[in-house]
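J.: Given the coordinates of chain A, assemble chain B onto it according to the supplied hints.
Quick note, the sequences are listed as chains A and B, same order. FYI, in the working numbering the residues of the first sequence are 1 to 138. FYI, in the working numbering the residues of the second sequence are 1 to 143.
Bear in mind the hints are in silico, worked out from the structure with no lab data behind them. Cβ coordinates follow ideal geometry from the N, Cα and C atoms, glycine included. Keep in mind that the hints are not guaranteed to be accurate.
List time: in silico EDC-like cross-link candidates among lysine to aspartate or glutamate, alpha-carbon distance up to 20 angstroms [as the list claims (entries may be wrong)]:
| # | chain 1 | residue 1 | chain 2 | residue 2 |
| --- | --- | --- | --- | --- |
| 1 | A | Lys132 | B | Glu52 |
| 2 | A | Lys94 | B | Glu52 |
| 3 | B | Lys133 | A | Glu39 |
Quick partial rundown of chain A residues pointing at chain B, CB under 7 angstroms, derived from the structure [unchecked claim]:
| # | residue |
| --- | --- |
| 4 | Ser19 |
| 5 | Thr33 |
| 6 | Glu39 |
| 7 | Gly40 |
| 8 | Leu107 |
| 9 | Arg111 |
| 10 | Ala113 |
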Amino acid sequence: MKISRRRKRVADIPNASTSDIAFLLIIFFMSTTKFDVKEGISLVLPPAAQEGSQVVKLSDKDMTRILITNTGEIMWNDANLGVFNSSVIESKVKQALAANPKMIFSLKTDREAKYNDMISVLDRLKSAGAEKISLSTN
Amino acid sequence: MAKIQIKRRPKVIPQASQSDIAFLLLLFFMVTTVFVQEKVFWVDRSRWPYAESIQKIPRNHTTTIYIKADETVLIDDIPYYVEDIENMRIAGTVQRKFNEDPNLIVCFRTDRETKYGVLSDVMRQLQDIGALKVTFETQRKTD
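Only chain A is shown next, with the shape it has when bound in the complex:
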């Protein structure tokens, strides 16, 4: 009688579920990933004044003074514009730049004024094309 040989089993690691595991991990990373995009208004601050540094005096025609009071009112060269109005500020900036393209805007914000008011005015200055902006406080 012929005894049939046992077939040798081939050692094999099943890898059919590899892609399932991978997709599971992808779903985890996709759901937990939050892209932290940094967006904002960029400025380069002037260097701190040092002893012996030159003081340049500017005439009124070269500089526009904007003051934000603690109540949120905006003074434009001593004229009160009331609370922030986007279109009023933007048209004023455009007018000033049309009269003098090298106009410097001095944005002075009261220490007690809200940061939001300063950013709103700064945003209008930037969007109207103002490039020379100085920030200060009292």
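T.: For chain B alone, kept in the frame of chain A given last:
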């Protein structure tokens, strides 16, 4: 005449590379994911002011300063208070970062209700140490 039979192969979409694609995507997400480390408190995005003329800031070379409405300042998960601004402790912390990376951009994530005075004091200290590139992070205004 004998009929020629053409063997039809069953249509199979090859799936061998499926796991390669999956692992490729997995690697992408693993590499790009950055887990935010600040845990004490932060200024939530919904508290930032709105603006239109905003630009994207490259992530490298940046450090973030959080300023809350109660005038607490947070850098690298360490809170600083008004007296720390006066004692130049904030300037010292930023100075260390600035020495490591001279192209440092300081990003302010400030609550819109914060008084401007605090921000102004911090900026003056940045001027003193020479870290002059700043960014005020805002939400994009959508009308």
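J.: Hints numbered earlier in the text: which of these fail when held up against the supplied structure?
T.: Of the numbered hints, just 8 does not hold.
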